[in-house]
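Visitor: Here's the letter readout for the chains.
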Amino acid sequence: MASTIRVRATATGDTTEVQALIQHPMDSGFVKDAKGNLIPPHFIQQLAFECDGKTVFLADWGTAVSKDPYIKFSFKGGNKGDDLKISWVDNKGASDTTTAKIQ
Amino acid sequence: MNLRPAIRLASVAFGLATLLSAALPAGAADSADPAADAKAFQNYFTTKFPKLKLADFVNGPYSLNEDMHRQWVEKEEFPPYEFSLEMGKEMFAKPFKNGKGYADCFDNGGIGVRQNYPYFDEKEGKVITLELALNRCREANGEAPLSYMKDEMAALTAYMAFTSRGKPFDIKIPNDPRALAAFENGKQYFYTRRGQLNFSCASCHVQNPGQRMRAEILAPALGILNAMPIYRSEWGGMGTISRRFTSCNSQTRGVPLEPQSDEYRDLEYYLSYVSNGLPISGPGARP
Amino acid sequence: MKMIPRRMPIFALAVALVLLGATSTSLLAAASEADFNAAYAEAEAANKQAGALRDQWTTTAAALANAKKAAEAGNFDAAVAEAKEAEALAKASVFQATQEKDAWKAEVIR
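Protein chains in written order, with my numbering: chain A, 1 to 103; chain B, 1001 to 1287; chain C, 2001 to 2110.
Hints may be right or wrong, so weigh each one.
[Unchecked claim] Some chain C residues close to chain B (C-beta under 8 angstroms, calculated; not the full set): (1) THR2058; (2) THR2059; (3) GLU2100; (4) ILE2109; (5) ARG2110.
Read the hints as simulated data drawn from the structure, not as lab findings. Quick reminder that beta carbons are idealized off the backbone N, C-alpha and C, glycines included.
With the rest of the complex left out, here is chain A:
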């Protein structure tokens, strides 16, 4: 299956702007399915962005983040061609990682 992470990072001057879209149900555990049964919680717990082995963004997420979350931030440093590694781990232990080049 294709990666669950889409990312675009662009370096302008001394900052790098990062946008990412992650495919994840982000079930809060409070929603019921069509039969009235609770859908168990299933959400991303930690999301990390690493640039050249250094963590530039670390997020501890909970159930309040929406389905298929989108995130945008910028950080100082990062050059065109650098590797940006994105990874997430959810509460069921599933994870995904992808690497993108800064443009």
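Since the structure of chain A is already known, use the hints to place chains B and C on it.
Guide: Same frame as chain A, now just chains B and C:
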């Protein structure tokens, strides 16, 4: 004794007469002019929103509200329908068990043909929508049909729309009284109030586009199908034209018809025809 | 002040009607399963008619479901009331659909 058959005959004759008289006005409506309808329809919207270009209407509410437009530009950099689009691309390329594929069912291998759907099939005497054609393609190749509402069907139509982006809607009404009747039927469905709330499609999407309905901004009917299928944040996922029609109906507290019932097919035919000339912009994203 | 005497008879009539209505239902008292079945059949027939006109209402379906639920619980008073509600809604939808057979034309853009 002979009275009874006589009465029956008379009542049959009377019935026929009423049928005929009922059929006559309908016959008169056959002189309807779809081209003039489409012109009036587009003219209504361009007059109502003089700042917009015709092609802007395919972006629905985003063209009517500046704030939303700014959000949309940002959103389009990372559109929420991307995952569905990718899934559609994979599904489209994957052959069926018998070795054939979707490409074998469509002109030009299914690439860049969205703008020609729905079309009127003179053999069947009915309107064929893209969603219907996709399921028929599956069934003809021994695959189970998909649900019309979302997921796989939305992914497939998203991919097919994507390959047709920018191509203007090119719906044709052949010289067949049944085609004209289908168009008129669709028009009637569009303007008929239904449900406990007594709304027609036109109540919202013709008379009040750009106005707020609770937190939503109502989309103009012109170009509304060009953006289908859509990722709706409200739905938390993708939806097809069938989903749009059925959920609109139930929102007016009417029991929706079966997806791809004759009425919905005719409605899609009408609504697509009056948007002729506007470019396909699907898949779209809506709040 | 002058208005009051004129309104009085209507008001009295209304009160009388309400009282009459109240007494007549209380006289009929507990509805039976047969009452429910009859009321439900009528509601369903009306809703079927709406279905033929392709204009059923979700509220009719909900009232029908409520009626059935109440009947299953043995509460036939409530069941009959819900069935009557469903019938009224179904009839209104039939009226709407009949009305719209021509009325839709007034909304068409020309």
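Visitor: Going through the earlier hints one by one, which of them does the structure break, listed in rising order?
Guide: none
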